[in-house]
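J.: Residue numbers (this note's numbering), protein chains in the order written: chain A, 1 to 372; chain B, 1 to 186; chain C, 1 to 146; chain D, 1 to 106; chain E, 1 to 326; chain F, 1 to 176.
I should point out that these hints are in silico values taken from the structure, not numbers from a laboratory.
The beta-carbon is built from N, C-alpha and C at its ideal position, and this holds for glycine as well.
Zero decoy hints are in this set.
Label-pair ranges, simulated between beta-carbon atoms: (1) C/Q34 with E/F265: 37 to 45 angstroms; (2) B/F177 with C/K114: 38 to 46 angstroms; (3) A/D145 with C/K114: 31 to 39 angstroms; (4) E/I179 with A/D145: 45 to 53 angstroms; (5) A/M202 with E/K43: 31 to 39 angstroms; (6) C/V88 with A/N167: 27 to 35 angstroms.
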Amino acid sequence: MTLLAESQLHETFELNLGPQHPATHGVLRVKLTMDGEYIVKAEPVLGYIHRMHEKMGENRTWAQFMANVGRMDYLSAMSFNHGYVALVERAMGIEVPERAEYLRVITVELNRIQSHLLWWGAFVLDLGGFSPLLYAFDDREQILDLLETVTGSRLTYSYFRFGGLYNDIDENFVDGARAFIKRLRSRIPMYHDLVTYNIILMTRLKGVGPISAEMCRKYGATGPVLRGSGIQFDIRKNEPYSVYPEFDFDIPVYHEGDCMARYMVRMDEMEQSMRIIEQALDKLPDGPVKAKKVPKLIKPPIGDYYHAVEAARGTFSIRVVSNKTNKPYRMKLRSPTFSNLSLFEEASEGMLLADALALMGSLDLVIPEIDR
Amino acid sequence: MDQAKIKKELAALAAEGMPEPEPVEETPEVEAVPEEQAEAKPKKKEKEKPKPRLNGLVETPYDERGAHVDVQLNPDQVVRAAEILDSEGMTLEAVTGVDWLAEKQMEAVYDYSYTGGELFRVVIRARADRAQPDFPTISNVFGGANWHERETWDLLGINFTGHPQLERLLLPEDADFHPLRKDYKP
Amino acid sequence: MAGYFNELFSGTKSLAIGLRITIKECFKPVVTLQYPHESLVMTPRYRGHIELVGDAETGETKCIVCGMCQRACPSGCITVKGEKREGVKGKVLTVYQLDFTKCSLCGQCVESCKPGAIDFSHEYNLASTRKEDFIFDLVKRLKDKS
Amino acid sequence: MLNLSAQLNTYLVIGAMLFGFGVCGLIRRPTLIGMLIAAELVLCGASINFMAFNHFLAPDPTVGQIMTLFIMAIAAAEAAIAMSILVCIYRDYKSIELENLEELSG
Amino acid sequence: MNEVIRLVIYLVAIIAFAALNAAYLVWVERKGAGHIQRRIGPKEVGPYGLLQPLADGAKLMSKQILIPRGVDVPLFMIAPVLAMVPAIMSFVTIPFSETLVARDINIGLLMIFAFASVNIMALLLGGWASRNKYAVISATRAVSQNVSYEIPMLITVITIVMISGSMNLNEIVMQQTNILKWYIWPWTGNFLGPISFLLFFTCSLAETNRAPFDLGEAESELIAGFHTEYAGMGFGMFFMGEYANIVIGCSLITILFLGGWQCPFGLFPGIHWFLIKLYALCWTFVWIRWTYPRTTLWGLLNLSWKYLIPISLVNLILTAGLLKVM
Amino acid sequence: MNPTLLSPEGLSGLVFLGLVAVTICGAVIATAAKRLIRCLTGLVACFMGVAGLYYYLGSPFVAMMQLLIYVGAIAIVIAFGIMLAEPDEAKLVKKKSGLSGVLSLIAGSAVAWGLAVAALRADWMSPAVKLNDGSVRDVGMSLLTTYSMVFELVSVVLLVAILGSLALARTGRDKE
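The task is simple: from the sequences and hints, build the whole structure.
T.: What follows is the structure, given as structure tokens:
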């Protein structure tokens, strides 16, 4: 508040960032009140691509809604699909074959790496470096190719089905995944050399946009934002679902809470995801990929159901209210960046414009997911 | 975070708001909806007068429901509940609402979780008259509730009294409807 | 003072490393595909728009006009019509229209099809400036193909 | 007309005109910045005179140049000081109009 | 009469050179960016996309000049011209070879800096006249950056002038007859040698608003900076001015540190050596642009005041001492 | 004796006329324009014209310094001042124009006329000998010999000005 009070002395002006602005990665608008290059107040304005997925959920059968979930966050569609099928399976009490769960984990983690790679490139692009974006795209294409051979699609997969998967992997997938991991392992040191240890990037990220753990708690921030603030929280560990308990992986945590910490969390998460994929590929059991006893008509018993998964950007959770019909009575989609962005207003107060945009980039926004 | 303490305090809070001193029974609100609801046509519900769920704390099986504790309160008690959970270090994950057209009620649902390590999810719910769905805001307790409440107001028309900025969040500024209401016709 | 020089040297070094990496990349072969001149073959599972599958021998459609695909479609982009004909068991497909402007490529229709009469095509060069170009008459497409 | 550049009087007249414009501006301008701009014109007029005499009349043709350089230095100093005074005034009065600054006149 | 013809020829040649350089540096930039990013870059228009700049130019020229409402029209129109003309004027004094120089002024070095300062004014006026907040922020950024980097740059130039004893660019080049006599080396009197070269190089990056110092047109913050509101040739003029400035900056580095048109081994001096050095430096500019992220204004000023200015001052003092001793 | 138009002398005379025109037009704009930013542009034009005149007066060095210092420094400083305060001069000029407009015009033209007449009437004597040719080297020499004291004083003045303006303008964010 001191800054606000002082701003009465200075003259402020309004700057309209977006809805079409290179830094907002989509159609987000931020109403900035500026004092020179300092931000006095930044108010995000949402809803430019609001599609009312929740209402669509109420008008579609349980199976038909699958395609919508992936379209909310097109960068980690796999995780979102996973959250949705896991929710319905929880409600219906469907047991999923082990092979299907393993394949789900593999594809979700590949999808997570893909999402982080794109974030990395786009974030460096926000900071003015263009080439890393295309290097990241180069690697990301390998994942998309892999996933395309399995799911038939590159972005919105709709690969999971209640009780299993749409179809089994083909014979090249395992080798392809291993080859990709080998390739990415050799590329990540290059990424670090080119970007992470670059003095310009370090001065731009270190100590910029600190977000305290308490602030994260108050705003319900999750995912890398929370882990960058020193809290070791990951749904995959803390609220294990699928077959995650069977893998040995760490949750990267950094305590500084600044943009660099969030950056490092994501970079380390890629490595952890690769570890998970490797273990899953090693342990991959044989068997069917679809449960035998999946009811034809999905009509979960009356009640509230809740399921949360760790998407690339944080906790994605769904609450449905079922009234035992073939359509949900109410569906609430809780997307991670909605909460993560809500702390931007408080966190960006008094920052420089350039730093605030670095902060915004480090939150890893996917606008369709915020607007839903 | 102390699970037992939270449960105790929330149960006490729920008991406070009870209209009659009847002990809390395991009557999840979901039973309020008739079983043979084929097409979610709300008008059919009126035939069988369902028993509304009473205030109180219910421990729900996590594996089936995805939450540990489900508490129903009076609308004016949600702030107290938020303060209790806040003091124990819980996080507000989402605020949402459900439109119970058949019962002419509007329900606000608050999802709390704990990010400190232990797994503990609490659902706080409260119901108000559908004609005048007023709930006190908890955005003073949890800053993150600000947007969630705005969104809920935007889509469902639940009024959060005392909210600093109850404006349209996702819909256009000049929208005059609440699309998630069950009687909304586009 | 030591910190000052340390920062100066490590900073300069990091910049030099960055330059080394990009110049190395500069001489590596390009990885992009020159699209209009070359184009990719889609993978077998590629999910394009749907098309009717002809019978291997007769080339006729396998569709029995049950309408499952129409019902399964979340966005209602499929229109199927059939008629009873003499001498033929069941219905005969007359109209199978796909409104591709609404289709979200979810694949529910293909999954719901019992006789396996529809499948994903591998076409992806579908750009057009007119909306009408995306309302496909799949029966006609099948005839053209056979 | 074309050999005007070789005549002393041309420069003197131009210098006088610049000076005149400067004086006119000094009186006319209602703000400090406007007056500063006018003052720069006055200085410019003076400098032209120096340079002209230096070129045509001075036995030592470095004198005028050095004088002009000094004028430039003084002008730079003047602009810097004037601008910082202006910042101060603006901070306190939210205005740089002379009329609003009457309380400064002791 | 001969004099007049010579003047006209030089003028036309310089404008053509500046325009051609602007056009083909863009091609180099795009092609370089492409290959650094493992792409091809322009390839459709002409062989290797070599005609792409012409197509771009034709496109820019055929575009309507938009004048947004509320703009200060005369200033809005003057600013691009003011950005372009001084840049071209600066070419007048650059010695491409011993004889190939439009006007061999004995204070050529000073002249280039004088004209560069007019360029700053153009950015400021363009940004201000656009009546766009992004443009104004960008213009103030660009100006404060230019002003603060002019100081270390000029101090380094003074060092070189002290060594060479001349401000005539051709004379400076003449003294650097072979690679060992280039002013980049400490034994020529430039005490910090290559460090001062790097320093000058950094400053020229900043002076020409190139990445990583392209704060004026930081596209992720300020859309397109001071030329946000310019369309068609208005933008084209700014663009040409910018690339002309890059060429001038690189020429200056070549002349001051790398011996200009002199051959490193003393053989066959001439314009080819100048161009080789010039374009190598231009390529380095491109290379740097596609490698680093952008600095912030604060980081930029920090670099200038904490590192560049002290180092250049130290270099000045030490060089003076060295010259006294030598 | 007038040179022909296309001879080098003629062309240079033409350019000179252009420079004079730029100078005078710039000065007129600087005095008469309503918006301060245009005044400043006029001032810059005037400076550039004057720099050209200096070039004709046989001192390219001073001409370049004129550009470097006046355009590169002073005009920029004034521009920042305008950006900072952005006074609405148009309104003010109208408010004030009544008497002061006429008065300023009279005063200005009187001064200019007086000076011009004085200059034209006087009988200037060309010197018999020139001590040097006023080159950069000579300027430097006399700056460091004859005028060294003034030179030092000017540097002190500049230093004091910088410090003073810093001290005046510096309040600020670190106060928080």
